[in-house]
Amino acid sequence: MSQIFLISEREEFARSVGRYLRFRGVLEVHSILPPPPPKDSAANVQWVPQTFRKLAGWLEGRTGQSSGDSALFNAVALIDVPSLTSLDEFDPIDRSKGWQAVVAMLLLSFPEVHWVIVSPFTPADPLLRKAHFPRAASFLDDFEAILKLHEDGFSPLFDPTCLRNKIRRHLALRTDASYIPLRLHCAAAIDEEENYSYFNAYTAYRFGFRCHVMTSYGMMEEMLTGDDANNIELTFEDIYLNFPDRKKSLSKIQARDGEFAVLPGVPQRVFITSGHKLTDLERETWQQNSDYLKARTGKGFYSKVMYKPESGVFDVWMRSGLQDKFAANGGKAADFCWPPDEASATSNTGGTHSAPGRLLLIADLMIRRAARILKAAESVPDAVCGSLLALEAQEYLGHRTPTTSLEAVSLKHQLEVLAECMFYGVEYHLDTRSRFAEIKDEVVSIGTWFRSETRQISELNAEIGILSELILSFRSFNQFNEEQSGLAKARHLHRRLWFMRNKAWAWIFYPARWYLDLLLSSMAVFIAALAGWLILFGLMYGMMSHRERDHEKFHFMHGFEDAISAFFGMQPPHALQELVDGNLNAGEFLVWLTLLLIVMSFVHLGIFVSHLYSVVARR
Amino acid sequence: MKLLIIVTSPTYELWGMTEKDSWHDDDVLSETEVRATDVDKNKIIVLRQAALPSGVDDESEVRQKTTDWVTEIANCPKYGADVKVHIAAHSNYVDLKSVRARVDKARLTACAFFSHMVDAAGLDEVSDALYQLLPKPHYEAFETALEAVKNRQVVTHAQRLSTLKHRLAHLFLPISVDLQAWSGYDFDDEYMKEILSSYGDEEERLERARGLLYGDGQPAESENVEKIVADADLDYSETWEKVQTLLPRDEPESDADKNASVAYSEVFQELDVLGSLKDKTKLKRLRNSLQSGRNPFNEWYAGLDGALIELRNEMNEAE
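Listed in order, the protein sequences are those of chains A and B.
When we follow my numbering, the leftmost residue of the first sequence carries the number 1, and every step to the right adds one.
When we follow my numbering, the leftmost residue of the second sequence carries the number 1, and every step to the right adds one.
Some clues are possibly wrong.
As the list claims (entries may be wrong) - Below, computed lysine-lysine pairings styled on DSSO-like, alpha-carbon distance capped at 30 Å:
hint, chain 1, residue 1, chain 2, residue 2
1, A, Lys148, B, Lys193
2, B, Lys105, B, Lys84
3, B, Lys242, B, Lys227
4, B, Lys84, A, Lys166
5, B, Lys41, A, Lys166
6, B, Lys136, B, Lys20
7, A, Lys39, B, Lys227
8, A, Lys308, A, Lys277
By construction, these hints were calculated from the structure, which means they are not laboratory data.
The shape of chain B in the complex, shown without the other chains:
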């Protein structure tokens, strides 16, 4: 079953739409009004958000109370063990981070905010779908609303990082594959020729990686790991520091910097792996190093990937 929880205020039209016959009161909560209706085997629940006591300006109490209610409904066993919960909440009246932390991950599918306000572009996507759905709930409008919630869902820090981690990994994955495969085929000359011809125009790989990690050279609105780390309040995390040593913001110049980023320095400065991919002499020199049985590039690559996974786990725990 899919459950759509909508959080709104009685001062808005959406609440009024649930006063029709097709809606009934749901006794899931005793502290506030909850209205519900079934759409086939699925359910829509409209929750009246907590009211602001007169003379009180601080909305945090309202948010806290509403968040608790949403959490209670989302976890309520009466909706089944395999229910897929979607939450559309009136902007900023629910702490979605807290909801995500307290609701079973297998139940919670997506959470999104919507606004009742109409701006120049009209209603936002979720609002628009809800205004279509509530007056006459039917299956297609229900699915459209769920899709809108998924489209506008507030993604977690870990989800944001996952995508960047994959993009970062993909920047270096071809090199990792080529070096490992080349050594697997006893540093075959034909293979070497193909590598050299493939990376002939190799450039700016590290710059692109730094762009993903620190946002260097990227538009301000674009996503980067540093921004996500800041959003997750993990600026001082040891794992984030480890990521920074594995791929420093600037080229390490001094010995101290090189010692701090020893794996990076070995791969990109001493062995000059990136330069070797387009220069036969350097590649042969790299081959001598790889023939020792150690693959510093892959060690660095696996280290960076591992550190990012650790960072993602920390974000998951924090959320």
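Bound-form chain A, shown alone:
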């Protein structure tokens, strides 16, 4: 464990815990005394954001000194909340609350920090208590259990204990924050490879599930056994689990299910494997697993085996069949409502049409941190953490503060692409179609908060801006095909934007621009277009005899020869006078047809060669 933060108004308590932690081997223990709350509760309105800024700045400053923004990823923060009597008091925008509101803001702003809350409140939910709420009478034992959980790989990032979701649920009761989506269902990503585990957990989270990250046998024992085990509804599991602390082999799914009581009841399980079938033992294990999963399917459970490597978050969701499974809610977990519908944008919010100020403050901080992670991420979990910060910032804004929301959307996609590109477990080709479609949906959702007169232009500008950033990301990782499809999409958007801005005359040139964009959309389309023109001109030449011996008969082969020779030679197939003389009815027409062919060939071949060069040079 690298560092622990202590936030307590009781100096003596912080000292004794700090002493214990230092002897326990924690490298860095940082401690701060929060400013005393105002005596007059009316002053909370100013005190809460000021104190939040101060503490958030302190947390960021401490991590900056050690190992950058992602250092918080491994941090535990112990925070004292002396008057907490219910989780409902963790309401960041309740003006009647002081310290509880500050703590709620911190809990939402730093989702990667494992928060340990010292308070008189003991939650009824055993998991929440075990992971976050040590009791005073058994403080050291409870705290030690929390640290053990942390060392076993517990990650609060995807809110497995529902702590952030409980705060969100309370927030969502307010009309001005009713857009905040809730994740009511829980998943687990089980893999000894941290990258897979975090990547799959993030995938589940972005599609509406809270998620456990399980990278050790100890963590599986802690979360998947016992009476207080979780209600997990989806798992991503590696088949050949080989944890460093494993007590038994877990490659046989039936044996695994016998070991961990929660797993057999999970209604949706996705198994991810490299598909080892080299030895007899592996083949036997494979057969047993197939039989067992078939039997489960017969009982109505959903199982799917996917092979590594994966291909990005959209692909994982699609190939696992979960997109279809949850088709009733647009491919997202049941009850997860995102993006906010248009109705919520137009409902009466008492005159305010932006996100509540304190949520904006939280989102701003998260966006700032995500942007720093984008520049400094060194691993897949770092990038995933950054993506989650941007994703949650977007959710807290509910698209109501359009400019900041667009920033969040852009960062989220850039960081997701970063995670995909950094991860060797993701194959070279990424699914850009789904990503671009989602960007469009999100921009349209944000667009409802733009002025209706300029909405379409603003949406196009926003989409182009986000795409441009993504194209740079693809380029920096040499993801050529993805970059090209991004460029094609950007050209399409630029053309639409140009047309909307110049409607009076742009329609004249619109077909030509459309055609050029179409040519550049892919090499196959370009070659098909070249072939199409050759066939068209071949047919035309063939239909119009232009040699003495043709005698007005149809000579496609000769017409085709002429078309090829004119197209690639950029000169008439015969002398112009011969063309005129060869066809008494359409002699002049043939000349103009030939000239058109030459111009077309000049334009097409010019673009084709330069496009081909850029493809060859980059690949």
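Based on the hints, put chain B in the right spot on chain A.
Below, chain B alone, put in the same frame as chain A:
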């Protein structure tokens, strides 16, 4: 959905404010008039409190009847299963203790009294918010009113005790952590040095604890456990007696007193845990005692915390 129930009398201006078009009659009760309006997805209900029959001075019947009505509205399923109820009641015309006992805890968020009377400082916070809200109900005024109710809410005895329990626990928590951790590290000498330097100026911890428990040396208006126990009519509770033996009001002098407070005497008199924290010789002596595998301080500490939790549970049940 959030539901704000306002209890008032037709003799006051607040009731008159609900006679506008934006308000409608709600048929939730047949015995009295109820007016309602929606604020987005939330609801405000203004309940006309029971009338005092002419010639009757005893208001208890009025209070009882109004309390029953408020309870019925708060529990009414037509407002949804996940409704969050806030009650702003005309001072003393509703028995909030009874309401809290009879309304589902998950539904009831906060209850507060307000007064129609204007004193030198003006209207009270809740009244002020209601006078802003009722003439033209809108979302911001609604939220302000809910916040006012939460600010002025009548906290339960158990809630009051919870905060004090935490403060009391925190007085001794550092010692508990240090002694347990020190023994966990085989009574390491370095650790001992740090403990000694940390508690060098240790003083008045027990006095502060007694202040929280009995109010000793504290201003009369400050909160203490004994006061809450009295308010909750639990003066003769066995649990409260247990708390008193674990942390007696006065230092036990006689053998009888020491026997009555045996855990306290062992920790604070025989072992002198507090004195040991600033005296190396005493701390070494304490170490010998801890090496037996028993930690009397933690036993006492857990006992006191457990007794206070039990007391809080009794208060919850009584409420």
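Right, here's what the structure says about each hint:
no., hint, in the structure
1, A/Lys148 - B/Lys193, "27 Å, holds"
2, B/Lys105 - B/Lys84, "10 Å, holds"
3, B/Lys242 - B/Lys227, "16 Å, holds"
4, B/Lys84 - A/Lys166, "15 Å, holds"
5, B/Lys41 - A/Lys166, "20 Å, holds"
6, B/Lys136 - B/Lys20, "9 Å, holds"
7, A/Lys39 - B/Lys227, "22 Å, holds"
8, A/Lys308 - A/Lys277, "14 Å, holds"
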